[in-house]
Every structure is written in structure tokens, then in C-alpha cells.
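Please work from the sequences and hints to get the whole structure.
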Amino acid sequence: MAAVNTHAEADSAIATPRRKILSGPLGAALILLPPALVLFTLFVIYPLAGSGLYAFYDWNGYGTPTDFVGFENFERMMGHSAFQQSVVNSLQVIAVSLIVQLPLALLLALLIYRRTPENTAFRLIFFLPYILAEIAAGLIWSFIMDGNFGVVADITRALGVDPYFITSDRSWAFTAVLVVIVWKYFGFHMMIYIAALQGVPKDMIEAARIEGASRLGVIRHVQIPMIKPAIIVSVFFSVIGALQVFDVVIPLTNGGPANSSHTIVTYLYTFGLARLKIGYGSAIGVVLFIAAVLVAVFYQRLFMRKPA
Amino acid sequence: MKVLLGAAALCAFAALGAHAETSVKILRPESNSPGLKQFWTDVIAEYEAANPEVDVEIEYFASEAYKTKLPTMLQSDARPDLIYSWAGLTLADQAEAGLVQDISGALDKEYLDSFSPSALAAFSKDSAIYGLPMEARVVVFFANQSLTDKAGVDLAAIKTWDDFLAAVGKLKEAGITPLVAGGKDKWPLHFYYSYLALREGGPEGIAAAMEDGGDGFRSAPFISAGERFKQLIDMDPFQPGVLSTAQEQSNTMFADNKAAFMLMGDWAYSQTIGVEQGKLLDGSLRIMPFPSLGEGKGDPAATLGGVNGFAVTTGAPPEAIDFLKFAINAEHQREGARRALYVPVMQGAGDAIEVPFTKEVNAMLEAAPSHQIFLDQFLGASVGGTINDISSDLVSGDVTPEDAAERIQEAWDFR
Numbered sequence: 001m002a003a004v005n006t007h008a009e010a011d012s013a014i015a016t017p018r019r020k021i022l023s024g025p026l027g028a029a030l031i032l033l034p035p036a037l038v039l040f041t042l043f044v045i046y047p048l049a050g051s052g053l054y055a056f057y058d059w060n061g062y063g064t065p066t067d068f069v070g071f072e073n074f075e076r077m078m079g080h081s082a083f084q085q086s087v088v089n090s091l092q093v094i095a096v097s098l099i100v101q102l103p104l105a106l107l108l109a110l111l112i113y114r115r116t117p118e119n120t121a122f123r124l125i126f127f128l129p130y131i132l133a134e135i136a137a138g139l140i141w142s143f144i145m146d147g148n149f150g151v152v153a154d155i156t157r158a159l160g161v162d163p164y165f166i167t168s169d170r171s172w173a174f175t176a177v178l179v180v181i182v183w184k185y186f187g188f189h190m191m192i193y194i195a196a197l198q199g200v201p202k203d204m205i206e207a208a209r210i211e212g213a214s215r216l217g218v219i220r221h222v223q224i225p226m227i228k229p230a231i232i233v234s235v236f237f238s239v240i241g242a243l244q245v246f247d248v249v250i251p252l253t254n255g256g257p258a259n260s261s262h263t264i265v266t267y268l269y270t271f272g273l274a275r276l277k278i279g280y281g282s283a284i285g286v287v288l289f290i291a292a293v294l295v296a297v298f299y300q301r302l303f304m305r306k307p308a
Numbered sequence: 001m002k003v004l005l006g007a008a009a010l011c012a013f014a015a016l017g018a019h020a021e022t023s024v025k026i027l028r029p030e031s032n033s034p035g036l037k038q039f040w041t042d043v044i045a046e047y048e049a050a051n052p053e054v055d056v057e058i059e060y061f062a063s064e065a066y067k068t069k070l071p072t073m074l075q076s077d078a079r080p081d082l083i084y085s086w087a088g089l090t091l092a093d094q095a096e097a098g099l100v101q102d103i104s105g106a107l108d109k110e111y112l113d114s115f116s117p118s119a120l121a122a123f124s125k126d127s128a129i130y131g132l133p134m135e136a137r138v139v140v141f142f143a144n145q146s147l148t149d150k151a152g153v154d155l156a157a158i159k160t161w162d163d164f165l166a167a168v169g170k171l172k173e174a175g176i177t178p179l180v181a182g183g184k185d186k187w188p189l190h191f192y193y194s195y196l197a198l199r200e201g202g203p204e205g206i207a208a209a210m211e212d213g214g215d216g217f218r219s220a221p222f223i224s225a226g227e228r229f230k231q232l233i234d235m236d237p238f239q240p241g242v243l244s245t246a247q248e249q250s251n252t253m254f255a256d257n258k259a260a261f262m263l264m265g266d267w268a269y270s271q272t273i274g275v276e277q278g279k280l281l282d283g284s285l286r287i288m289p290f291p292s293l294g295e296g297k298g299d300p301a302a303t304l305g306g307v308n309g310f311a312v313t314t315g316a317p318p319e320a321i322d323f324l325k326f327a328i329n330a331e332h333q334r335e336g337a338r339r340a341l342y343v344p345v346m347q348g349a350g351d352a353i354e355v356p357f358t359k360e361v362n363a364m365l366e367a368a369p370s371h372q373i374f375l376d377q378f379l380g381a382s383v384g385g386t387i388n389d390i391s392s393d394l395v396s397g398d399v400t401p402e403d404a405a406e407r408i409q410e411a412w413d414f415r
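Chains A and B are the protein sequences, given in the same order.
Those letters in the first sequence? Residues 1 to 308, by our numbering.
Those letters in the second sequence? Residues 1 to 415, by our numbering.
Check each hint, because a few of them may be wrong.
Chain B side only, calculated, beta carbon under 7 Å to chain A, not exhaustive [what the hints assert, rightly or not]:
(1) Thr68
(2) Pro71
(3) Lys184
(4) Pro240
(5) Gly241
(6) Asp393
(7) Asp398
Please keep in mind that the hints were generated in silico from the structure rather than gathered at the bench.
We put the CB at the ideal spot given by N, CA and C, even for glycine.
Quick look at the structure:
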């Protein structure tokens with residue numbers, strides 16, 4: 001701080017007082033903060049406060065909310081089986097992301113992180129699903145899984161069994177969604193790991209090899225510890241992303257059958273927005289927001305602290 | 001050549017737009033009927049030619065997006081002047097919030113009298129009129145006679161629900177899929193539930209359920225509607241994977257001779273499966289009214305469907321009302337009927353219908369003692385959505401008829 005002050009004082013000797021204000025740290029704040037602050041307030045704080053308020057009203061979106069219902073929206077939500085299912089489903093997305101998606105991404109990253117032409121080709125192939133728009137991916141998979149004319153239909157026909165409709169089967173519809181989610185996003189995490197793996201110093205790996213470490217040993221004791229920061233970030237992305245899954249589900253199952261494949265966000269959309277229960281939808285939004293903030297804060301506290 | 005014409009038309013529009021002083025904005029849901037879009041283009045061009053000072057714009061939104069965005073749009077500066085409406089509680093909510101205006105002062109008695117009273121009633125409350133109906137929609141059984149003949153089912157002999165169940169049984173035995181439906185969208189399944197409730201208790205039964213006090217939707221008509229629907233579902237009558245079939249897919253499947261019946265709104269004829277008129281299913285397409293439930297129940301001639309039209313938003317200029325009256329005048333009602341776009345709501349305009357299918361639907365509507373608006377629209381977005389939910393849950397076996405009725409009542413209490 002002292003250094004900055006000296007600098008400002010030195011400046012003032014040659015500059016006008018106005019320039020002095022604008023060139024100091026305060027000036028930087030005055031110039032750089034308002035645009036971000038205004039946008040953040042307008043598009044984050046203001047709607048958030050609005051939702052927080054609407055959550056306590058029974059409101060259909062027309063006129064101003066007048067029917068204050070206290071915590072009734074929250075009580076209904078907690079008692080609604082479709083909401084409970086949607087929470088379970090969102091937790092399943094988190095679990096599958098952590099247990100299946102990230103290890104898969106890491107495995108592939110370890111296989112193809114070296115810079116060779118073949119690896120570049122594979123990287124592109126694995127990354128393609130992530131580039132695809134979610135809606136398109138959902139639609140494509142809904143065709144693949146169609147029991148009448150999809151790939152599934154070809155398989156059942158070849159095996160000579162009855163057509164099977166995975167997305168209309170209560171017990172398997174969400175599994176289908178999970179498959180698509182893993183397929184859609186593993187490429188993204190793989191890229192994070194590849195970038196990190198390429199940053200691991202080669203001489204370290206060589207040293208480990210010379211010391212007699214096996215391939216697995218190198219991975220376990222050198223590479224994974226070295227890319228730990230990348231893994232921490234990718235876990236964070238995948239948990240927050242899992243809480244937000246929406247656009248894959250809508251074209252694939254539309255939350256059905258019997259509202260068994262909703263995530264928290266598609267539940268919010270279906271029961272809050274599409275049915276014009278804006279108060280109810282806001283209450284769901286508030287719960288989701290609190291969950292996301294808790295995850296973010298605890299995760300940062302536990303894992304993303306800078307080493308002391 | 002088409003491109004040139006299009007460009008010329010665009011220039012003409014642009015030129016008109018430049019001189020226009022008032023603009024009228026119409027917002028309606030997307031339609032997959034090219035005929036309907038052409039109709040609007042024609043009507044607007046005609047109006048603008050006669051009223052060069054008015055610029056009429058029509059915008060289409062995807063159906064679901066239309067419904068969810070409308071509340072916000074109506075309360076913003078981007079408010080359209082005329083909005084497509086399915087009437088029912090949604091329109092009542094909009095009226096209560098003061099977002100649509102009473103236009104009764106701008107309409108003379110002679111004009112109002114030209115409408116079918118029940119259609120006009122859908123857009124009125126007491127003496128106020130919030131918009132004008134344009135088209136009637138009727139839900140009917142589309143039947144494929146070549147398939148029913150194959151199974152030895154006599155379509156004309158199906159009068160009661162039991163007859164219908166027997167026909168479904170026969171079709172199953174013959175290895176023909178009896179029914180096709182787009183269960184992924186849920187609302188095609190609610191047609192069964194709504195029609196059964198209507199046949200059970202008549203429109204009075206539905207009105208009574210909406211009254212305070214009494215059993216509400218837990219009342220007998222709704223529970224037995226669920227029970228009868230369950231009877232049908234237990235026969236496994238739908239195509240495999242019914243709950244993952246989208247509505248458009250089911251229309252195509254029906255047109256492709258994949259099932260004997262499809263319960264669907266008449267619009268499916270012109271919009272999705274309406275290939276060249278008369279050639280559909282090689283001429284074996286028949287219409288069957290929803291069967292009756294026998295003596296002592298609701299009138300079997302009553303129809304379920306829609307009365308759709310346009311509401312006039314608050315603050316819309318008088319030109320908007322003028323244009324609406326122009327778009328819905330006797331001549332255009334007849335023109336729309338002639339092009340088989342819809343069943344008109346003005347008395348006598350039905351005579352202009354040329355397509356046999358639409359003619360038959362119109363006759364059914366004219367003979368109906370009452371026309372019930374789709375329950376998923378009539379009861380508003382939230383309760384309507386619940387009815388769609390329970391209809392699909394009944395098909396998947398996730399809910400009992402009693403619980404289904406209970407869930408509707410719950411949604412109604414919390415609407």
C-alpha cells in the first residue's frame with residue numbers, strides 16, 4: 001500500500017488533481033466497477049431478490065403478487081413426489097458425474113494427452129459431443145433410443161425381441177438421460193485434464209521412471225498429484241453443472257414418464273413456468289440457489305483454498 | 001420466379017410500412033399448417049391495401065414458449081395488440097389482471113349476433129367481451145376403416161363405451177394396434193379422460209366441480225372417468241412406447257396405417273396428416289364421435305374441443321379491434337372454412353366448407369347441445385397441466401382413479 005501511495009504522490013507532482021483521482025486504485029475501482037456492478041445488480045441481484053419475494057406468494061404472473069401464502073410454496077414442494085424424485089435425480093447426476101464421467105475423462109486424457117496426430121484426431125472426436133448444442137444432442141438421442149425406428153429398434157429387431165422403449169420405461173428413462181449426460185460432457189473434462197497433463201514437467205516423469213516406477217505408479221504418484229488443481233476445478237464444474245441440467249432432458253424425455261425423469265431445473269420449468277405458478281417456481285429457484293451457493297462455498301473452503 | 005415475387009411483395013410491404021402511422025401487432029403460436037399462414041398473409045395484405053395508414057404485423061412463437069412468455073410480454077412495453085387465446089381460465093386471469101380490454105363498446109349487435117352464442121360466450125364475462133372467437137376445434141376419433149374392417153369391427157355399430165372396448169379387444173385379437181397416441185406430450189391422453197368426464201357428468205358435472213363446496217373434482221364423474229379410462233388401459237390398447245411418442249409422430253403413425261383409431265383434434269387433418277385431400281389412408285379415413293356411456297349420463301352428442309380466437313390487450317389502438325373485426329367477418333370465416341383451415345364460429349359460415357372431413361366435424365358441432373373447451377385450457381395452466389399429468393400417469397399405471405381425482409382437486413385448491 002505504501003508503495004502505491006508513494007507512486008500517487010509522485011504522480012501528483014506532475015499531474016492535475018483530477019488525474020490523480022482517476023489514476024490511483026480508487027480511480028480504477030471507480031472506472032472499472034460500475035459497469036460490472038450495474039450489470040450484476042440488474043441481471044443477478046435484482047431478479048434474485050424478486051424470486052426471493054415471489055416465493056412467498058401464490059402468483060400466476062399476471063398483475064402484482066397479492067396473495068401472500070408464507071411458506072406454503074415450500075411446504076408443497078417438499079411434499080410433492082415429483083420434486084423429491086427430481087432431487088434424487090439431480091443427486092444421481094452428481095454421483096454419475098463423479099463416479100463415471102470424471103474417471104472416464106481422466107482415463108482417456110491419460111491415453112491421448114501426448115501431442116501426436118492420432119491423439120489430436122481422437123481428442124476432436126471425444127470433444128465433439130460437447131460442442132453440439134444440448135437440444136440437438138437430446139433430439140439425436142431420442143431418435144437413437146426410439147424403439148420403432150432408432151438404433152435401439154435395429155438392435156431389438158436383429159435379436160428378434162419385442163421393440164423396447166427406454167424413454168417410456170419408468171425405471172430406465174433417467175438412466176438414458178444419465179448416459180447422454182456422461183456422453184455429452186466427458187469431453188470437456190477430458191480437455192481440462194489433457195491441458196493439465198501437458199503441463200506436468202517431463203523430467204519429473206522421467207525421474208520417476210528411472211527410479212523404477214511402473215506406468216501405473218507414475219500415474220498414481222506423479223501425474224495425478226500434479227494435476228490435482230485441475231481435478232478440483234473439474235469436480236466443481238461437474239457438480240454445479242449437474243445441478244443445472246435442463247436442456248438435455250426436455251427433448252429426450254420431457255421429464256416423463258409420470259414425471260420420473262425431471263431434474264430440479266426441468267421440474268422448476270414444468271411446474272413453475274409452464275403452469276404459470278410463478279410464486280411456486282420462484283420458491284424452487286430459491287431452494288436451488290441456496291443449494292448451489294452451499295456447494296460453492298463449502299467446496300471452496302474445503303478444496304480450493306490456496307496452500308498456506 | 002417465386003423469389004422475385006417474394007422480393008416484390010417484401011418491397012411492397014416495406015413501402016407500406018414506411019407510410020403507415022399505426023401498427024397492429026398480432027402474436028400467435030406457431031402453426032405447422034402452411035395454409036393457415038397463407039390465410040393470415042392474405043387477410044393482412046387485403047386489410048393493409050384498404051387501410052394504408054395501418055401496418056399489421058403477425059409474429060409466431062412456438063406453442064409452449066408462447067404460453068410461458070405471454071404473462072411477461074403482456075406486462076411489458078413489447079405488448080402485442082392481439083393475442084391468440086384458448087379462452088378458459090387463462091383469459092379470465094388476464095382479464096382480472098386488467099391486461100386485456102373489454103371491446104363490447106366497439107361491436108354492434110348485428111355483428112355479435114352473427115356468432116354462434118356459445119363461441120362468443122367463451123370470450124365474454126357478464127357483459128364484457130375480451131376478444132373474438134375465430135375457430136372451433138373438435139376432438140374426434142380418427143378411424144381407419146380398412147383396419148377395422150380387417151378385424152371385423154363395424155364402426156357404425158360402436159355407440160357405447162362397452163362397444164368401443166369390445167372393438168379394441170377384437171382389434172387386439174386380429175393383431176392390429178387399436179389406438180395410437182402421443183403420450184410424451186401428455187395432452188393427447190387427456191382427451192380420453194376429459195371426454196369420459198364429460199360423458200359421465202355432462203358440462204354440468206364439470207361446472208359443479210369448479211364450484212366451491214361439494215366434492216369438487218373428487219366427485220363421481222371424475223373418479224368414474226378414471227375408472228373407465230383404466231378399463232381401456234388395462235387392455236393395453238396403445239402402440240408400444242406410447243409414453244415416449246411425440247404427438248406429431250403419432251399423427252404420422254396413424255396416417256401410415258399403424259393403428260385403427262386416434263383420438264385427436266380435427267386440426268390433425270389439415271396440419272399433420274392432411275396429405276392430398278381424400279387420398280388420406282386411401283379414402284378409408286372415417287370420423288367416429290366419442291362413444292356414449294349409456295342412459296342417465298351426459299348427452300352423447302356433446303363435444304370436447306376448443307373455441308380459439310384473439311383477445312385484445314389493454315392499450316391496443318382502435319385499429320386493432322377494427323382489424324380483428326375484419327379478419328373475423330362473414331367473408332373471411334367462409335374463406336377459412338372453404339380452405340378447410342378450421343370450423344368457423346359464425347353462424348352459416350359452415351356452409352362454405354368443401355372438404356368432407358371438415359363438413360362432418362362441423363355437422364357434429366352444430367348438432368352438439370354443448371361444446372366443452374379442452375379441460376387443460378379451460379381450467380387454466382396449472383390445473384390443466386395436472387389433468388395432463390394424471391392422464392399420462394393413468395396410462396403408465398402410476399396412479400389410481402381416486403388418487404388422480406384427488407390430485408386434480410389439490411391443484412384446483414392451489415391454483
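Hint check results:
With a least beta-carbon distance of about 5 Å to chain A, the hint placing Thr68 (chain B) at the interface is held under the 7 Å criterion. Interface hint at Pro71 (chain B): satisfied, since its Cβ lies 4 Å from the closest Cβ of chain A, which is below the 7 Å cut-off. Taken as an interface hint, Lys184 (chain B) checks out: its beta carbon lies about 6 Å from the nearest beta carbon of chain A, inside 7 Å. At its closest, the beta carbon of Pro240 (chain B) sits 5 Å from a beta carbon of chain A; the interface hint therefore holds under the 7 Å criterion.
The interface hint given for Gly241 (chain B) is met, as the beta carbon of that residue sits about 3 Å from the closest beta carbon of chain A, less than 7 Å. For the restraint placing Asp393 (chain B) at the interface with chain A, the shortest Cβ-Cβ distance is roughly 5 Å, inside the 7 Å limit, so the hint holds. Contact between Asp398 (chain B) and chain A, as hinted, is supported at the beta carbon level, the nearest pair being about 4 Å apart and thus within 7 Å.
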